[in-house]
Each structure stands twice: as C-alpha cells, then as structure tokens.
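Protein chains in written order, with this note's numbering: chain A, 1 to 251; chain B, 1 to 153.
Bear in mind the hints are in silico, worked out from the structure with no lab data behind them.
Incorrect hints may have been included.
Covered by chain A, according to a simulated footprint, are these stretches of chain B (three or more residues, beta-carbon under 8 Å) [to be verified]:
1) 78-91
2) 94-108
3) 135-142
Even for Gly, the Cβ is constructed at its ideal location relative to N, Cα and C.
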Amino acid sequence: MKRFLCCVLVFAFVSVAPAVAIAQRASSEHPSAPAPAYHPPAPAYHPSAPVYHPAPAPPAGHPANPTGFGFPPHDVNGGPTQVHPSPVHAPSGYHVAPQQSMVRTYPPHVPYRTGPYRYWRGPIVNNPRHWGGWRWNRGVIWYPVPYYWGGGFWGPWVIGVNSAPLFGSIVDYNDYQIFPSYQAGPSSPGAQLLVDYGLTQTECGPPNLVVIWGPNNSVICAFPNDLVAPGNYELDPATLTLQTLNAPAGP
Amino acid sequence: MKAKARIGLAAGCLAGWAAWLATGSPASAKGVTLIQERNGTVKTYGNVNIALDRQTLTLRTADGKGILKIVTGACSFDNSVQRCLPYSVTLTQNGKTHPIAIDYGSVFLNMTSAAHHLPLSSDMLAPRTVLVLFKTAHGTYVTSKGTVDEVKP
C-alpha cells in the first residue's frame, strides 16, 4: 500500500514538474506575471536493494569445473611435447648427438642404429640370467619412447629437464659428435642389465672401459670384469644381451 | 486396492535392493585427479573414470566432458609394479582435441590382486590401481590415482 502511494506521488511530481518549469520561464519572460506557486518536490523514493544470497558451495567430491578438466590456457594451447636441447656444450666444430623424437612401436631388434657404429659383427655375450625373449620384462615388449634419454631404458630422464648428473661422454672424432652419458636410474631396465652382468657403471671417457650403446644414441660405461672385457657393445633390449662390435681376431 | 498395489511395489523394490547388495554390487571405484597450476591453485576432480587400452590411459571426468589421453611406453617392472613413461598427452573437451606438452612423468600400474610398494617408496599401490604423475612444459603438475575401471589387453 505504501509502495502504491509512493508511486502515485512520484507520478504526480513528474506530471507537475514540466508545468512548473514552463511557468518559471514564462515568469522570467514576463516579469510582470505573478510568481507561480512553488511546490517542493516529493521526497525521492529509493527502494532498498535486493538482498543477494549466493548459492551454497557444491558438496565435496563433485567437480568444481562442470566442463571437464580445467587446464590453464597455456597448457592447452602450448602444442605437443618438444625435444629439449642438451645442456652439454660441444666444442667448436662438434655437436651433441641428437635424441630421436620418433616413436617406434615395433620391438627394437639389433641393430637399431644407435651411436656412431653401424655394423655389429662380434660375438654375443649372453646374459648370465638367460632370460630369453622378453622374459626379463615379464613378457612385456619394451620399446623406446621419445624425449627420454635412451628412450627411457636407463631411467625416466629427460635431457635438459630432469636428467641425472652428466657422467662423462664419448667423442666420435670421425663425425664430430659427442655422446653424453648419464647415470642409470635405479629400478630401470639399464640397472637390471648392469646387475645381470655384474657391471659397475662409471664415467665415460677414460680408456679400457666397457662401453654399452643403448637406444636413442645413449651410452654408458662400466668397469670390465671377467665376463665383459673392455670394448664397445650394443645392447639388445629384446633379450637384454650385449653384442661386441668386432669379430675376434683370427689365429 | 491401490494401497495394496503400492505396498506390493515397495516390497518388491526393497527385495530387489537386498538381493543386489547381497550378491556384491560391482565396485564403482573411480579415481581422483588433481591439477596444480604454477600459481599453486589446485583443482580436484573426483569420480574420474580410468580406462587402460594397451599402453594408453584414458581419464574421463565425472560429467563426461573432459577426456585426458596419456600414451605411454618404455614400460618395465619393479617387482610387481609396472612403470611406464608418458610421452604424449591430449585433452579432448568442448569438441576440440588439444595436445599438451609435457616435460616428464611416470605412470605406475599394479594389475595384480595384492598391494605392492611403489619403487623406492614405503607407499603401497593397491590392487588394480594406477598412479599417474606428470609435469607439463608450462609447470602444471597433474596427479591421478584410482582403480582401473576398464582394461583392454
């Protein structure tokens, strides 16, 4: 009822105000005319602002974002994973051997073209555990993946991001390439290989070491023992065996 | 007569529920996914469906609108826990598929019927459970853990 009366008052004021203005103008133009009656404006009515009650927060366990996963925009628009540059600085005229960015889904048989050598003709040094096939990996085929050093064989190390400490390197003076080496991570297939052969990893560089070439241009070095003599070896991930580079010298 | 019909219907429903509970309903086990941004903001997603198809892990939000596909490889075992390395992550939602650049990560799977320790950890991974951890190139950490709902060999 009060609101209705207020509206009526406002309407009345609006109706009267132009007439008052006209009357005032007329009085100024004709000073002799009598001053119009002045009606003070009705008090302005300001209805109170509506009270806002925010909706209660959703209960715990329900996703706050109703449209899927809420990744930040720069993650969504950033593009696919890139190969990070190696932190190893090669001297002038040399370059660090590149990582491979392609994924090979077939089992990597020997040779899989890693390191500076292409033809491995030497005898195989069998794994003392005689795994056979992929039994060392419970029958699951292991294959290298991009971006991780050695395809992930020596551990979950991504060069330039979270790689293990540099552990020496091998220099290919023919092609001016440097192959950095890193420590094999625990519980990695590489660690399993070292345990199987009784090898202890050491920094690459000094002579007379066991040099093992792994996937994706990776290399590690170890001290020789009774089973594995100094020299270059290629790893066969399928059987976890080592093959020497050169055939033994004839009689 | 109507009242009798209602009573009968209610009794039937109760009997049905009792039978369902007695037989052991399939576990509606789901996962929880956390996305932590560089600024520390953490978003939590419950009831995430987890499916494993060979070496591709698919996480689907409870509302079905967000699908995260994580392709892994270089899988090896540490005792009974399998560890794989993620190298490709894509997000599909709002009708679009976006590749997400990642720095590194690990995916741990325990597909046995017993709990086992995570590598170099006292923490245990429950049976048929997967733990996903990766960091994006832009500093976002994603963690997801839950029971695998679907497995395709």
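Hint check results:
| no. | hint | verdict |
| --- | --- | --- |
| 1 | 78-91 | holds (count 8) |
| 2 | 94-108 | holds (count 10) |
| 3 | 135-142 | holds (count 4) |
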